[in-house]
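In order, the protein sequence lines correspond to chains A and B. Sequence positions in the first sequence follow the working numbering and run 1 to 665. Sequence positions in the second sequence follow the working numbering and run 1 to 172.
Errors might be hidden in some of the hints.
[Said to hold, decoys possible] The calculated lysine-lysine pairs, modelled on DSS-like cross-linking and capped at a C-alpha distance of 27 Å, are:
id, chain 1, residue 1, chain 2, residue 2
1, B, K47, A, K32
2, B, K142, A, K118
3, B, K47, A, K51
4, A, K118, B, K47
5, A, K328, A, K312
6, A, K63, A, K51
7, A, K538, B, K47
8, B, K106, A, K602
[Claimed, not checked] Reference listing, derived: stretches of chain A covered by chain B, where coverage requires no fewer than 3 residues with Cβ under 8 Å from a Cβ of chain B:
id, stretch
9, 80-87
10, 113-122
11, 126-137
12, 629-639
13, 643-651
Quick caveat, the hints were computed from the structure, so don't treat them as lab data. C-beta atoms are modelled at their ideal positions from N, C-alpha and C, and glycine is treated no differently.
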Amino acid sequence: MAESKDIDRNGVQIGVYVCHCGTNIAGTVDVKALTEYAATLPGVTMARNYKYVCSTPGQELIKRDIHELGLNRIVVAACSPCLHEKTFRNVVAEAGLNPYYFQMVNIREHDSWVHTDKRAATEKGKDLIRAAVRRVRLHKPLERKRVSINPAVLIVGGGIAGIHAALTMANAGKHVYLVERDATIGGHMAMFDKTFPTLDCAACILTPKMTAVKSHHNITLWTLSEVTQVDGYVGNYQVTIKHKPRYVIEDACVGCMECIDACVYKQAKVPDEFNMYLGKRKPIYIPFPQAVPQVVVIDRESCIEFKSGKCKKTCVEVCADRKAIDFKQQETTETIEVGTIILATGFFTFDAKRVPYYGYGIYPNVYTGLEVERLINAAGPTNGEVILRDGRKPQRVAIVHCVGSRDENTNRYCSRVCCMYSLKLAHLIKEKTEAEVFNFYIDMRTPGKGFEEFYNRVADEGTHFVRGRVADIYPNPGDGGRLLVCAEDTLMSTVRKIPVDMVVLSTGLEPQADAQDVRRRFHITCSTEGFFLERHPKLAPVNTFTDGVFLAGCCQGPKDIPDTVAQAGAAAAEALALIDIGYIEQEPNTAHVLEEVCSGCKTCIPLCPYQAISFAENKKKAEINEVLCKGCGTCVASCPSGSVQQNLFEDEQIFAEIEGLLAYA
Amino acid sequence: MPDVSSNLSQAVPLEAEQPAFEPRVVAFFCTWCTYMAADLAGTSRMKYAPNVRVIRVMCSGRIDPQFVLAAFANGADGVLIGGCHPGDCHYQEGNYNCLRRVRLLKRVLEELGIEEDRFRLEWISAAEGDRVRVVINDMVEKLRALGPLQMKKEVALRPLSPEEHALQEVAV
Chain A
1 MAESKDIDRN
11 GVQIGVYVCH
21 CGTNIAGTVD
31 VKALTEYAAT
41 LPGVTMARNY
51 KYVCSTPGQE
61 LIKRDIHELG
71 LNRIVVAACS
81 PCLHEKTFRN
91 VVAEAGLNPY
101 YFQMVNIREH
111 DSWVHTDKRA
121 ATEKGKDLIR
131 AAVRRVRLHK
141 PLERKRVSIN
151 PAVLIVGGGI
161 AGIHAALTMA
171 NAGKHVYLVE
181 RDATIGGHMA
191 MFDKTFPTLD
201 CAACILTPKM
211 TAVKSHHNIT
221 LWTLSEVTQV
231 DGYVGNYQVT
241 IKHKPRYVIE
251 DACVGCMECI
261 DACVYKQAKV
271 PDEFNMYLGK
281 RKPIYIPFPQ
291 AVPQVVVIDR
301 ESCIEFKSGK
311 CKKTCVEVCA
321 DRKAIDFKQQ
331 ETTETIEVGT
341 IILATGFFTF
351 DAKRVPYYGY
361 GIYPNVYTGL
371 EVERLINAAG
381 PTNGEVILRD
391 GRKPQRVAIV
401 HCVGSRDENT
411 NRYCSRVCCM
421 YSLKLAHLIK
431 EKTEAEVFNF
441 YIDMRTPGKG
451 FEEFYNRVAD
461 EGTHFVRGRV
471 ADIYPNPGDG
481 GRLLVCAEDT
491 LMSTVRKIPV
501 DMVVLSTGLE
511 PQADAQDVRR
521 RFHITCSTEG
531 FFLERHPKLA
541 PVNTFTDGVF
551 LAGCCQGPKD
561 IPDTVAQAGA
571 AAAEALALID
581 IGYIEQEPNT
591 AHVLEEVCSG
601 CKTCIPLCPY
611 QAISFAENKK
621 KAEINEVLCK
631 GCGTCVASCP
641 SGSVQQNLFE
651 DEQIFAEIEG
661 LLAYA
Chain B
1 MPDVSSNLSQ
11 AVPLEAEQPA
21 FEPRVVAFFC
31 TWCTYMAADL
41 AGTSRMKYAP
51 NVRVIRVMCS
61 GRIDPQFVLA
71 AFANGADGVL
81 IGGCHPGDCH
91 YQEGNYNCLR
101 RVRLLKRVLE
111 ELGIEEDRFR
121 LEWISAAEGD
131 RVRVVINDMV
141 EKLRALGPLQ
151 MKKEVALRPL
161 SPEEHALQEV
171 AV
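Generate coordinates for the entire structure from the input sequences, incorporating the hints supplied.
In structure tokens:
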């Protein structure tokens, strides 16, 4: 099937632009050969190659050719359309052509970057260009539709990321729904004592922001609530929220906490989640003193009224005419409408029991970093004293880095924050107990402003650093319950066994246990590790593949507080940018029915997931509501008579592409 | 030890002018999962066989069985479809529709004498760049072993005879 150069009947004049992308493409693909080949294809008036077609001179080149040569179809062979399709469509539009008279050929991600054989890669490039040239001839002018955008935003997760994003959006005058599944906002940051490397108190910088959220007139805060369903699309999402019962009426509770004192449990007996189960609370409690909202909550698992129905209900008595306690509260749901969504659902701390040879859960003096964080905190279970479970002050402490990180058996990735928080804990433990502290590390990773300086400071304070992965932790026989920490010191090339009173495991960060359910609910994707996947690792780090859904904080990957706050600000800015234009331009890739061909068989109607297709009884034809159509094309593929067509993906365009790919000489 | 020198001298000389068979594969990837995975394979500089050419569609549910037939009719040695994992479709259930069509189509292809390994459906998420590499290499390997596509003579695509044409008219 050799092709001959002819003049197109319809006056189609195609320009083909092959990008070198520096050496990214030109290093593997013979761009000159591609250009020469493209010039021989029917309909092609001009074929050029250029170092960076996406650069301003590259764009100007295309515009000039459109004006001077009368080109009316453009093909650019460069990177993935996901990266620059929009760029070039705009170029085409700026030159006065319809932006959809354009087709992009991916010769970088799908060709030069994945092949080493220069000849084969060049042949592949030729096939792809030939297919695009055949396809672009059949392109039709299309118009983008505009739909209005709801200015309200939903933020899921009330940790520092969600809080910061909420305040940014609310300060910009947008209404924010902040949904948190726990009884208070604050997230992990509220549990920390100090923050690295400046050692400012976490509560001191976080709690004012938490209070600001509660009092902001633009923020609706829902704790003990979860998103159960998300419908709609960018600009117009319908979100269903489940409110779990608190058994305390939020508006009636004044936060006096007399009920906690009055509880029939005179002593706190229930392990306290907020203190990593190291302390105790009562069945009616407030998660921590600065919790927001300042409203108590009843735990139905331990409350006697729920267990037996025969409690004296002293809490109700003392609450008196405030009448805030309601044992009959039920779960409720409500649906809200928002235009954009920011996910800030945070992380899960690695379960140290998964590394059995470190003895967590077996030896009482093996702790996790977060537990020690609570021990150090003045509001924690020991009022800020670092003491072991038997009340002793540790004299020697080992801090084990990379527990559940950089490990073939658990997680291969680096959790990014552990080196720094291990250094912080070393400093704080030393300060509180004057103990001798040994940090066992694989590599010391301190990239960040003031981080390396902090490392040097901790080293100067006398913390011992042992470079080596800890292999085993076990009781030291005849040493009064001390533990032996064994590691190969790779700097000294010896095995070291160091007896300590306390071991701190610096556990890594993992995706939330229900991250997969959440991502399905919001129609987004996860990376291999299970964190939510950003649209582009560098150029769209807070966007997702679903328009209008943004990411902030550790749900996207492990990061420290400064990075989390920066990302939350970025997510808010992206959402604001979307809202402030006031409308969304939709891709015109919707489906439509060719009435003269439609037989009215109704095959397509039940296949549409958006109920966009209806049956016009008067005409006995299928009808597609373009506003509801999302452009998947399932109905098109199902139509037995070929009467349903999809803009940008018409049958004949795809057939032309198939034939083009295979029509080699 | 047997004498092999005589065997060697009798061996058929290699046909140097005949290039080795390189299968041609047309792939239809959905834009949200598998196309992104192929992009990820690219940005991760994974290397795989250069025999596959990708056509991007919005959803695997858009893939008309006729596209697959057209690819085979135009000389493809294999067709690969890539979509989102079950439950992950960007359009809720397009991949399920794709799966149903693929199952039916496999029976048609069998009738046409097209070997099973020539037509493949894979669920590859946007995070699974390496899966793209593995699947493509595996498929190309199998197609190399199968050799060029040769459909059963009696069903090879050809224009309809006047009788057949008339029959079809009646059916409509």
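The hints, checked one at a time:
no., hint, in the structure
1, K47/B <-> K32/A, "23 Å, holds"
2, K142/B <-> K118/A, "23 Å, holds"
3, K47/B <-> K51/A, "24 Å, holds"
4, K118/A <-> K47/B, "13 Å, holds"
5, K328/A <-> K312/A, "16 Å, holds"
6, K63/A <-> K51/A, "16 Å, holds"
7, K538/A <-> K47/B, "22 Å, holds"
8, K106/B <-> K602/A, "25 Å, holds"
9, 80-87, "holds (count 3)"
10, 113-122, "holds (count 7)"
11, 126-137, "holds (count 3)"
12, 629-639, "holds (count 8)"
13, 643-651, "holds (count 3)"
This entry satisfies every hint, going by the numbered hints stated previously.
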